[in-house]
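Number of protein chains: 2
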Amino acid sequence: MRDSFHQDLDKISDQLVEMTRLAGSAMSRATTALLDADLQMAESVIAADEQIDTLRRELDERSIDLLARQQPVATDLRMVVTAMRMSADLERMGDLARHVAKVARLRYPNSAIPPVMRSTVLEMGQVAERIVVKVGSVIAGKDIESAITLERDDDEMDRLHRDIFNMLMDSKWTHGTEAAVDATLVGRYYERFADHAVSVARRVVYLVTGEWQTDAQLDNEDL
Amino acid sequence: MRDSFHQDLDKISDQLVEMTRLAGSAMSRATTALLDADLQMAESVIAADEQIDTLRRELDERSIDLLARQQPVATDLRMVVTAMRMSADLERMGDLARHVAKVARLRYPNSAIPPVMRSTVLEMGQVAERIVVKVGSVIAGKDIESAITLERDDDEMDRLHRDIFNMLMDSKWTHGTEAAVDATLVGRYYERFADHAVSVARRVVYLVTGEWQTDAQLDNEDL
Chain A
1466 MRDSFHQDLD
1476 KISDQLVEMT
1486 RLAGSAMSRA
1496 TTALLDADLQ
1506 MAESVIAADE
1516 QIDTLRRELD
1526 ERSIDLLARQ
1536 QPVATDLRMV
1546 VTAMRMSADL
1556 ERMGDLARHV
1566 AKVARLRYPN
1576 SAIPPVMRST
1586 VLEMGQVAER
1596 IVVKVGSVIA
1606 GKDIESAITL
1616 ERDDDEMDRL
1626 HRDIFNMLMD
1636 SKWTHGTEAA
1646 VDATLVGRYY
1656 ERFADHAVSV
1666 ARRVVYLVTG
1676 EWQTDAQLDN
1686 EDL
Chain B
1466 MRDSFHQDLD
1476 KISDQLVEMT
1486 RLAGSAMSRA
1496 TTALLDADLQ
1506 MAESVIAADE
1516 QIDTLRRELD
1526 ERSIDLLARQ
1536 QPVATDLRMV
1546 VTAMRMSADL
1556 ERMGDLARHV
1566 AKVARLRYPN
1576 SAIPPVMRST
1586 VLEMGQVAER
1596 IVVKVGSVIA
1606 GKDIESAITL
1616 ERDDDEMDRL
1626 HRDIFNMLMD
1636 SKWTHGTEAA
1646 VDATLVGRYY
1656 ERFADHAVSV
1666 ARRVVYLVTG
1676 EWQTDAQLDN
1686 EDL
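The listed protein sequences correspond, in order, to chains A and B.
Start counting the first sequence at 1466; every next residue gets the next number (our numbering).
Start counting the second sequence at 1466; every next residue gets the next number (our numbering).
What the hints contain is simulated information worked out from the structure, not anything from laboratory work.
Please note: incorrect hints may appear among the correct ones.
Okay, derived cross-link-like pairs now, EDC-like style, lysine to aspartate or glutamate, Cα gap no bigger than 16 Å in a straight line [unchecked claim]: (1) B:Lys1637 with A:Glu1643; (2) A:Lys1476 with A:Glu1526; (3) B:Lys1607 with B:Glu1676; (4) B:Lys1607 with B:Glu1526; (5) B:Lys1476 with B:Glu1526; (6) A:Lys1637 with B:Glu1643.
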């Protein structure tokens, strides 16, 4: 039987996993809204973000309450502080999905993404889904293996992000400035989504192994 | 004479103010690097970011140590947790200055910013400097008045950010896709810099007044 502190920590962990589920669902639906110019889906993603924000506030209050009541030290203290940092990352992932949905809404009834770029954006959406599912299992199971393969998914996201820039810089880009601006922002939203996921996974690895991987390669692309 | 807990808290507050100084200096020099195509300055901003990252790690370790040793509750506990959140915001502001410097470096020996957009970007840099100085004084002096005028500076930043988009969407935009991509990213970096500053100021106001302003209007522009 777990003691009261660890029962509370389990509840916090469950809420973090729930946040990954919501952020993943939001980004998946935002991708569909963007590619299919689906206004209703875009609106639903934008409206649902409030739910992730609320979960984050609850989780942070629960964590502060736990610190005050239980006065944990050493690893236990670090676990609670780390949970608050993870909730901040996951809330931001929800924001980024909302941003993608807002681009979809802004260009409705057209799709913001020109045909030549559709498959790349679709793939970015799929990588985002894969990453966020792995983050959930990293949190739920302290699953270090998933944390490692997740880094490879992030490399894949960076490669797709570079593909977007290469298409934009190609002299054959004929879709105009508005589409270039949209693609620039959307590409960055997916890439940042993956960065925050990697950050969450690394925090779990740090708690388990005590070794911190540097963030140097995150958000470090040249554009 | 302040007790040991509040002496430690004063030290944390001093470090946060130092972080605002470094982030402000970084963004100010990044703006110069960008507008003057000054490679050496761009490199110096990119290299100096490590200093802000180190300060953040130190500050977080100091905060965790303080929680473990002093076991604060109620307002004291919230102050320490809030300091850690502020350090995350300030570190991110340093990253955003580094991003601006990287765009400058990428386009050297040219300036990434076409002449028509120079005055707008210059103004964004000035607003960023103004905001970050106010954040420092909000932290150092729990200065609620500055926190309020800072929100108006952020409105100004949002207006300048919209100006960037309006220039890009104008049919008279003749500077090509590469410049449009650069301007889109640079505009977003300044706007996010200001958002994080507002977030820091609001955290101080919350500690002083107990009233939390919603983040709803931050990073909520339609692009």
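For each hint, the structure was consulted:
no., hint, in the structure
1, B:Lys1637 with A:Glu1643, "13 Å, holds"
2, A:Lys1476 with A:Glu1526, "13 Å, holds"
3, B:Lys1607 with B:Glu1676, "14 Å, holds"
4, B:Lys1607 with B:Glu1526, "23 Å, violated"
5, B:Lys1476 with B:Glu1526, "13 Å, holds"
6, A:Lys1637 with B:Glu1643, "13 Å, holds"
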